[in-house]
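**Q** From just these sequences and the hints, can you work out the full model?
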Amino acid sequence: MAGVIPSRIGAQGVKSRRAVTEPLWVRSLLITLALLFIALVLVMPLVLIFTYALQQGWAVYIASFTEPDAVSAIRLTLITAAITVPLNVIFGVSAAWAITKFHFRGKNILITLIDLPFAISPVIAGLIFVVLFGARGILGPWLIENDIRIIFATPGIVLATIFVTFPFVARELIPLMQAQGSDEEQSAMTLGANGWQTFWRVTLPNIKWGLLYGVILCNARSMGEFGAVSVVSGHIRGLTNTMPLHIEILYNDYQFTASFAVASLLVFLALITMVVKAIIEWRTQQTITTITDDTLLLEK
Amino acid sequence: MAKKRTSHRVLPGFGLTFGFTVFYTSLIVLIPLAGLFFLTSQMTWAEFWAKAVTDPRVVASYKLSFGAAFIAAIINAVFGFLVAWVLVRYSFWGKRIVDALVDLPFALPTAVSGIALTTLYAHTGWIGQWFDSFGIRIAYTPTGIVLALTLIGLPFVVRTVQPALEDLEAELEEAASSLGATRGQTFRRVIFPAILPSLLSGFTLAFARAVGEFGSVYFIAGNMPYKTEIAPLLIIIKLEQYDYHGAAAIGVVMLLASFTFIFIINLLQAWSRRHQ
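Chains A and B, in that order, give the protein sequences. Using our numbering, you'd call the opening residue of the first sequence number 4 and step up by one each time. Using our numbering, you'd call the opening residue of the second sequence number 141 and step up by one each time.
Think of the hints as simulated: they come from the structure by calculation, not from any bench. All residues carry an ideal CB built from backbone N, CA and C; glycine is no exception. Please note that a few of the clues may not be correct.
What the hints assert, rightly or not - A few chain A residues that face chain B, going by a derived Cβ cut-off under 8 Å, partial list only:
1) V44
2) V63
3) L130
4) S185
5) V218
**A** In structure tokens:
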């Protein structure tokens, strides 16, 4: 399954004491090297963003995202995410249901197609919609005749964002629901529940953590997408600028403080996403450990 | 993964969910991609070849995109392995934070990491000025592109190697050591061969992701034609000049590269599943 890193939700952490390990100096050296690498590539950029964002004080920091262009960029980003995330959630749940609960021919092809946007450059994600709907694109002349604007307007931005974040929810749910099987759903049906009741009361509680992680990741990516959106947006200030595009414009205008201030908002979003993920992983590991402990007790 | 216990149509909702899945996938993925191939098919073979394969500026951008992505994937294979090893094997203060931080490039918008890296590694930046005193420039050179792609690809290697390292049984190493193998021999003959399929998967995932990356590279690259201009940027430049054919031609070449990566990754993942 290409382009996909399975999240470790539902996976059990391994804690084993090892009798064989490296001498202390080797361990210290390896840990130092790894931490140095993480510091240079990941930690320093984070520190820099907040330092630059706050270098002219709180007033300037706050003003950077309360001025009209920033507000309209934030609004467009929120609108885009508000359309993208629910659509991809509905798609993700229904794709996962169809794929994990039924047999049909061509299932692997469908899974590969769902993964495809992960493997495709975001610029190409933008390009395909320009080719379809752009002024000189395949449907361009017809759209101009009927005065419909997709490229250099909100619909294009939403479409490109949906494409880029298309697999997130489905990809999170498919392995989870595959591992869980459908015994519980079948029992519910046998006991007289209808399809919706089975989904809401049996399936959903089982997949809620995976679903939540899929949603927050899909949301973070839809708010932060740059490449695809930059191709279809046209960079019209106050109209078709999302937050990442606004950051780009400020940066190219040498307004570094404002640029990093807006960027820091997206950093907060990314950090929240990571914290939620860590909490979910911790919680699911706890449940699994309790369950295994219980089974062990029963076996004794 | 658990055994398949999927039922034959006992549960309801197949028509609705399958229908919607196929409809939505066609609308968002299939039809737009088909449009790109349709536009390309309107070109003559000679035109396509000239725009996608022989144009020296385009060739230079492929070399840079694939070359920088390859080097970054190698750096990630080495340091990603190291990070995964340290996280699985040793305990140290702040380990959980480092573990969580590894996911940062997945969640951080590429434009944000782009401006941060550029400011950090420019010749006046916090780290860049230090390198500059040794005469090494990072931002606005191919080195900067490799740096940005390393950041983007890091989680792919760490997150594929980590589970493989966790699954490795301690008994194997103990057996090797009790049979007289040194720690180095155990690593080379026992641990590394078991991890290799996952490491290669992670490497290929990082490579594939880096080839198409745009946001973080755009800021640090300097974007000089023939020197620091990556292929995705060239697509954007062609689109801005309304040269849809030129953009589509490069796009098709990069799509074919993506398909090849998907194929290789599927093979590697099948291999690593057999290893488990």
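**Q** Evaluate each hint against the coordinates.
**A** Hint by hint, here is what the structure shows:
1. The beta carbon of V44 of chain A is positioned within 8 Å of a beta carbon in chain B (closest approach about 5 Å), and the interface hint is therefore held.
2. Proximity of V63 of chain A to chain B is violated relative to the hint, the smallest CB-CB distance being about 17 Å (cut-off 8 Å).
3. For L130 of chain A, the interface hint holds, since its Cβ comes within 8 Å of a Cβ in chain B; the closest pair sits about 5 Å apart.
4. The beta carbon of S185 of chain A comes within 6 Å of a beta carbon in chain B, closer than 8 Å, and the hint placing it at the interface holds.
5. The closest approach between the C-beta of V218 of chain A and any C-beta of chain B is roughly 13 Å, which is over the 8 Å cut-off, so the hint fails.
Violated hints for the displayed structure, listed by number in ascending order: 2, 5.
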